[in-house]
Amino acid sequence: MADDEDLPVVSFGNLMSEGTTLSRRGQHDKALGCFNDALKLRAGDKHCLITRSKCFLKLGDTENSLKDAEASLEIDKTFSEGLYQKAETLYAMGDFEFALVFYHRGRRLRPDLHKFQLGINKAEEAIVNCIGNPSTVKLESKEELCFVSRQAESKKDKQKQQNKPTKDQKQMKKQSPKTEHQLLGELYADKAFLEKLLKDEDLMQSSTRQGIKVVDLVLGGISYLNHRRDFWQQQKPIYARVYERKVLRQGRMQDKKEKPSDISRSIAKNMEDIDLLLARGSAEESCRKAERMLKQIQTWSENDVPNKNELIGNLHSCIGNAHLAMGQMEAALRSHKMDLDCARQNSLTDAESRALDNIGHVYARMGRFQQAINTWEEKIPMAQSSLEKAWLFHEIGRCYLELDKAEVAQDYGQKSLQSADEEGDVEWQLHATVLVAQAQVKLKDYPSAIMNFERALEKAKLVPSEAAQNGIIA
Numbered sequence: 001m002a003d004d005e006d007l008p009v010v011s012f013g014n015l016m017s018e019g020t021t022l023s024r025r026g027q028h029d030k031a032l033g034c035f036n037d038a039l040k041l042r043a044g045d046k047h048c049l050i051t052r053s054k055c056f057l058k059l060g061d062t063e064n065s066l067k068d069a070e071a072s073l074e075i076d077k078t079f080s081e082g083l084y085q086k087a088e089t090l091y092a093m094g095d096f097e098f099a100l101v102f103y104h105r106g107r108r109l110r111p112d113l114h115k116f117q118l119g120i121n122k123a124e125e126a127i128v129n130c131i132g133n134p135s136t137v138k139l140e141s142k143e144e145l146c147f148v149s150r151q152a153e154s155k156k157d158k159q160k161q162q163n164k165p166t167k168d169q170k171q172m173k174k175q176s177p178k179t180e181h182q183l184l185g186e187l188y189a190d191k192a193f194l195e196k197l198l199k200d201e202d203l204m205q206s207s208t209r210q211g212i213k214v215v216d217l218v219l220g221g222i223s224y225l226n227h228r229r230d231f232w233q234q235q236k237p238i239y240a241r242v243y244e245r246k247v248l249r250q251g252r253m254q255d256k257k258e259k260p261s262d263i264s265r266s267i268a269k270n271m272e273d274i275d276l277l278l279a280r281g282s283a284e285e286s287c288r289k290a291e292r293m294l295k296q297i298q299t300w301s302e303n304d305v306p307n308k309n310e311l312i313g314n315l316h317s318c319i320g321n322a323h324l325a326m327g328q329m330e331a332a333l334r335s336h337k338m339d340l341d342c343a344r345q346n347s348l349t350d351a352e353s354r355a356l357d358n359i360g361h362v363y364a365r366m367g368r369f370q371q372a373i374n375t376w377e378e379k380i381p382m383a384q385s386s387l388e389k390a391w392l393f394h395e396i397g398r399c400y401l402e403l404d405k406a407e408v409a410q411d412y413g414q415k416s417l418q419s420a421d422e423e424g425d426v427e428w429q430l431h432a433t434v435l436v437a438q439a440q441v442k443l444k445d446y447p448s449a450i451m452n453f454e455r456a457l458e459k460a461k462l463v464p465s466e467a468a469q470n471g472i473i474a
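Residue numbers (full-length UniProt numbering): 1 to 474.
Among the clues, some could well be false.
[To be verified] Listed next, the in silico EDC-like pairs over lysine to aspartate or glutamate satisfying Cα-Cα at most 16 Å (straight line):
hint, residue 1, residue 2
1, K442, D411
2, K389, E377
3, K196, D216
4, K389, D357
5, K415, E377
6, K442, E407
7, K58, D29
8, K337, E378
9, K213, D29
[To be verified] Derived CB-CB ranges, DEER-like:
hint, residue 1, residue 2, range
10, E377, R288, 32 to 38 Å
11, K40, Q384, 28 to 34 Å
12, A279, Q384, 21 to 27 Å
In case anyone wonders, no lab produced these hints; they're calculated from the structure.
Don't be surprised by glycine CBs; every beta carbon is placed ideally from N, CA and C.
Sequences are here, hints too, so could you generate the full structure?
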């Protein structure tokens, strides 16, 4: 009996955290085991089902991914993550019409989640690429959507019974080298290299420092490339830029020197360059390029760029980030406030949330902690996920700690930890636990602080960063 009592108790939250960490590292098979065990402890947990569904999808097991997504919707028909995951899985299976139905359903329930609109865009574009422009078909009313949905369910049930793929059918589809080269493009050489590595028996028997078998990495890479090949065979390349889609939807523009696709591609390329320059440490050049582009776009009409106001706000945000990187705090604050004004004037919720986030960061960097708190507290109702709440509560708590309001800091640290637990995110569990411990030190609650620092150290071992562990020990 004593031995049984000494056995460690594995909680649902721990299994979710471990599974999420493994999945982030690309160890989806191991992550799957954690999610399976978690569901044994809490059968039918809709969040865990969706997390496992995402894992199945990463492994290319669309059938089980779809089952988990549908199971979550049986529990809660209005579960937005379940609708989105079902749509994503159907899209990956090539069932673009049915994916479109669930993207539409999700957008009706959660119009604030931009990912549903992006899903609608890519599904519509995939349908056009496959069968032509379905301009005469519009799914507007609930009756039409429900009818198509019932058709989709009926079709899928028949497919499961009559057309279950055999093991042989699930294996790699053999393509001629010429066809495969056309489909994969530059990635064809990578696939050939990986296939060559498979023949090296000594290498395939070895493992990385993290204990991952090289053969699993190589087979995973080949599997990914095969999925890409099959995907591109189903449809023409999809340009994922939101700007281009919005412009293309306006139809042909007569008597213009530049076509919509040319303008949108130019915008997309410039935005990418601005981001890359900042990421590479060239903040000044990034700022100059964003300012030039802002002046140019302000001269264009909304016929040229349908999302002109959204783009202007985005550029103000880019300029603000560049000023922040250069240490120009007042200039950064001005730019982010212009982004906020633009978002509010045009009812752009996502952009408003982004601007409030950035303004809060600038205030915190300037040491104006109360203003940072006020700004971030305004953003709380806009948080769209537990993970977003986790870091938002953490940042607010840090500011209260800087203001020597340790009790409030502890409260926000606990809120952050609760949100991180809901998401199963180990890294933010770590940050939140450290914040709580630091607040407890200031409150002279040393036993609780020591206990939380020990918990944080255990969390740090799951995060691939020695600095995190050393920081706690120090």
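Okay, the hints, checked on the actual structure:
no.	hint	verdict
1	K442 <-> D411	holds, 13 Å
2	K389 <-> E377	holds, 11 Å
3	K196 <-> D216	holds, 15 Å
4	K389 <-> D357	holds, 12 Å
5	K415 <-> E377	holds, 13 Å
6	K442 <-> E407	holds, 9 Å
7	K58 <-> D29	holds, 10 Å
8	K337 <-> E378	holds, 14 Å
9	K213 <-> D29	holds, 12 Å
10	E377 <-> R288: 32 to 38 Å	holds, 35 Å
11	K40 <-> Q384: 28 to 34 Å	holds, 30 Å
12	A279 <-> Q384: 21 to 27 Å	holds, 24 Å
In summary, the structure agrees with every hint in the numbered list given earlier.
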